[in-house]
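Protein chains in written order, with this note's numbering: chain S, 12 to 269; chain X, 7 to 236.
Treat the hints loosely; a few may be bogus.
[To be verified] Listed next, the in silico DMTMM-like pairs over lysine to aspartate or glutamate satisfying Cα-Cα at most 25 Å (straight line):
1) Lys47/X - Glu195/S
2) Lys165/X - Glu180/X
3) Lys109/S - Glu180/X
4) Lys47/X - Asp65/S
[What the hints assert, rightly or not] Sample of chain S residues facing chain X (criterion: CB under 7 Å; computed from the structure):
5) Thr62
6) Ala63
7) Glu70
8) Glu92
9) Glu95
10) Tyr99
11) Gly118
12) Pro129
13) Trp208
14) Glu229
15) Thr239
16) Ala256
17) Thr261
No lab work stands behind these hints, which were simulated from the structure alone. Since the structure is predicted, the reported quantities are computational estimates derived from the model, not experimental observations. Idealized CB from N, CA, C, for every residue including glycine.
Residues per chain are reported as follows:
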Amino acid sequence: MTSIGGTPRVAWRLATVIDNVPETPRTRTLLLDVPEWPGHRAGQHVDVRLTAEDGYQTERSYSIASPPEDAHLALTVERLEDGEVSPYLVNELRAGDKLELRGPIGGYFVWDLPLGGPLLLVAGGSGIVPLMAMLRHRNAALANADVEARHRVPARLLYSSRRWDEVIYRDELARLATNDPTLEVTHTLTREAPDDWKGFRRRIDRMMLAEVAWPASERSRDFVCGPTLLVEAVAAALVDLGHHADLVKTERFGPTGA
Amino acid sequence: MGRVAESRTANYDKIGGITPFTTEMTPVSRGFLGRRPTTDKAARLPPGQYETRDFPVLSAGPTPRTLLEKWDFTLLGTTGQSAHWTWKEFLALPRETIKTDIHCVTKWSKFGTAWEGVAIDTILADAAKRGVEPAPYVMARCDGGYTANVPLADLMGGKAWVAFIYEGAPLAPEHGGPARLLVPHLYFWKSAKWVRELRMMEQDAPGFWESLGYHIYGDPWREQRYAGDE
Chain S
12 MTSIGGTPRV
22 AWRLATVIDN
32 VPETPRTRTL
42 LLDVPEWPGH
52 RAGQHVDVRL
62 TAEDGYQTER
72 SYSIASPPED
82 AHLALTVERL
92 EDGEVSPYLV
102 NELRAGDKLE
112 LRGPIGGYFV
122 WDLPLGGPLL
132 LVAGGSGIVP
142 LMAMLRHRNA
152 ALANADVEAR
162 HRVPARLLYS
172 SRRWDEVIYR
182 DELARLATND
192 PTLEVTHTLT
202 REAPDDWKGF
212 RRRIDRMMLA
222 EVAWPASERS
232 RDFVCGPTLL
242 VEAVAAALVD
252 LGHHADLVKT
262 ERFGPTGA
Chain X
7 MGRVAESRTA
17 NYDKIGGITP
27 FTTEMTPVSR
37 GFLGRRPTTD
47 KAARLPPGQY
57 ETRDFPVLSA
67 GPTPRTLLEK
77 WDFTLLGTTG
87 QSAHWTWKEF
97 LALPRETIKT
107 DIHCVTKWSK
117 FGTAWEGVAI
127 DTILADAAKR
137 GVEPAPYVMA
147 RCDGGYTANV
157 PLADLMGGKA
167 WVAFIYEGAP
177 LAPEHGGPAR
187 LLVPHLYFWK
197 SAKWVRELRM
207 MEQDAPGFWE
217 SLGYHIYGDP
227 WREQRYAGDE
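Isolated chain X, as found in the complex (with noise of 0.2 Å):
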């Protein structure tokens, strides 16, 4: 089964004493069959997204090539404290298997993805130990100068990690590596590819897309893509 069209009431002025009682529907497509998802795919797709089963790059610049030896993770707090890994020390962290779906923004949905990462909570409780305090808003920062805004409750409660192996296998450059952020419940943008530091901050900030006209949050299941959207 399909989802019900989106309706809206509309606005009537009263004409001849009578108020029409009526909805706008959206228009139907002449001639537009479509192709249904099966129920229970259909139950796991966000409003206006489709189903592949490629894994699509994007990204608007060059990859970023990255040495592991030169590699790094940083914590930043919002007055100067700051918690650093290297590569070797990132892996020792204790890490977790995920399986979940993600959702880009440019419509595609793809489900059951494996991966393989460290918990932004156990992230989060090693830099305490190291004096860096937490604040509501992070901003990721990555290789190649691409940003992206979460608020730090989105990151917290097992629902976002730092991910380095995906199906697997270590994640290819051009989806992310050698680690990208992976908060699934937002749109994919969020999960910022290439990133090497997390900065707390007292206010929200947006990010590289969030600046260009994208949603500042981003959830699938509200359909914030864009600035503007509820």
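So that you can see chain S by itself, here it is in the shape it has in the complex (with noise of 0.2 Å):
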């Protein structure tokens, strides 16, 4: 069987680790040197391909982190304790070492600017990875612009963590809003909350979102990554609060994201 079109492969490529950073006490960015990497949209993802001295092989797909507009390729990866792959590339994986991927993967969870906005995203947990590539893009692509043009593609991030020290990319998503009078960043803890915390602490739901998410006469475009609990709740609750389901688009988070 072929494929239409004669489209060219998805080809595998080896790409250089320039670093392996911590972001939280169990993920870490991979920082990666890709030759010949085609550009990708922001929300897509590769595929990672181990080999063992023996040959066995295995695969994952993880969600690119990077904005299209860097030179390099950041996935960002968390460490499930049972996982086969993920303790080897949080752990082990070290500057100057080799990782085979392929990718750009995946054309429905993505978004560029002249999709438009107001933008919505809402992550629990890891599903912020795709999301603060959106966010990164974004504000690349503005970085320019005057302040009209922010304000035609308005973004809000609410973002579900376990604990404060779990918030991923949780200084640069401070940054990114305190410099951009058009992106609000709204935090739920849902385990434990410093002493101090004002925020919400529980997880997402209907009233939550009543509160942070765009009123649906405004159209958002809605993206929502996270564990399967967390996303079917809040598509659910989107639409119940009037967002069109053909506006909300879901990518998952399983436990076996190993």
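The task is to assemble the complex, starting from two chains supplied on their own in separate frames and drawing on the hints.
Below you can see the structure in the form of structure tokens.
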């Protein structure tokens, strides 16, 4: 069976690890130099393939964290304790190592500036990764734009984490929001919160979305990424709040994303 | 035992009259040990897949909720003939139990899943009585707008079903309930959730994921994940 129109194969490429940067106690960002990377759109992912000495191979998919504007590709990986691949990527890989990957993959859960806004991003845990690529892209693409252009694509992020020290990209998100009046970042902490925490401290629910999300009349573009339970609950609540189902795009990070 | 790494013969120019006889192996990932499946399980895993015991949920948007009173199933011929079944009529069709491995393009495989459903053979035979002729290709259409294309031959001969029971219970909405297509010999995106219609087509045409860079056919044993994979 052949593919339509002689589409070229998504080729395996041999990337070189430039750095392995800690983000939180359980997540790290792999900064990669990928020869002849064809470019990507914010929200896409790559397949990673590991090969053991006896030839045994295994593959996993990881979302791209870097915006298309960056020279290097960034993958942020959460270490799953019983995982086969993520502990290797997080703990073992270091600068100079090679990593086989192919991509970019996925043409639906993507956003770039021409798609417009308002933008609603809802993340749970490491589900922030593809959404961060969107925020970074938005920021890079608007770097030289006037305030008016920013106001045409205002963005809101609602991000659920278990604890404050598990918030991935915490400082960068704070910096982006401080420097950009058209970006609002809202956190909720579900397990444990600092003593002086004044924000939400529960799982994302309909009432929280009613408060944080754009009103349905704004016809925001919604991107929801996280564990299945969160994605199911958030997508259903957004539809319930009047958001058009076609504008709610979902991506799931199941426990098997090891 | 793990499977052997893919090897490619490199193209070499003759250097100084000597043609090196070498194969270029996929490079070993320094320090990667891996967790090999047992031999019997390895034989059931298509290339690039790993076993999961969970049942991950993957869908592109919100889970549609369709009331059973409003549910119906349609088979559309190429020249306008059609056959319809209400939920009650559909449940009255002869059903089968299926035990099968399933393979998701996102790399997980799940062994020995148990389903109940109506074979597409049964649906086709019932529709034939109502004048719906088969055609070489089929587009599955679903609540929520999802579509997936499958050659008719892949839906016939006891290879595909419309399933509505999973592990003894009604199929949960997030897994495609009330009913989903089940074509377990292809990547699981072809087993369209919330299926409502099968439309016969003379020519093949891409469905939802097939239009977004995924393979037009999707055979896991040939690792046909993305457009361009052979």
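Here is how each hint holds up against the structure:
1. Lys47/X - Glu195/S: violated (48 Å)
2. Lys165/X - Glu180/X: holds (23 Å)
3. Lys109/S - Glu180/X: Outside the cut-off at roughly 38 Å; violated.
4. Lys47/X - Asp65/S: holds (18 Å)
5. Thr62: holds (5 Å)
6. Ala63: OK, holds: alanine 63/S within 7 Å of chain X, min 4 Å.
7. Glu70: Hint holds; glutamate 70/S Cβ to chain X Cβ min 4 Å, cut 7 Å.
8. Glu92: Since chain X brings no Cβ nearer than about 13 Å to glutamate 92/S, farther than 7 Å, the hint is violated.
9. Glu95: Result: holds, 4 Å to nearest chain X Cβ.
10. Tyr99: holds (5 Å)
11. Gly118: holds (4 Å)
12. Pro129: violated (18 Å)
13. Trp208: Given a least distance of 31 Å, the restraint on tryptophan 208/S is violated.
14. Glu229: violated (18 Å)
15. Thr239: holds (5 Å)
16. Ala256: Holds - the Cβ of alanine 256/S comes within 7 Å of chain X, reaching about 5 Å at its closest.
17. Thr261: holds (6 Å)
Going through the hint list in order, the structure does not satisfy hints 1, 3, 8, 12, 13 and 14.
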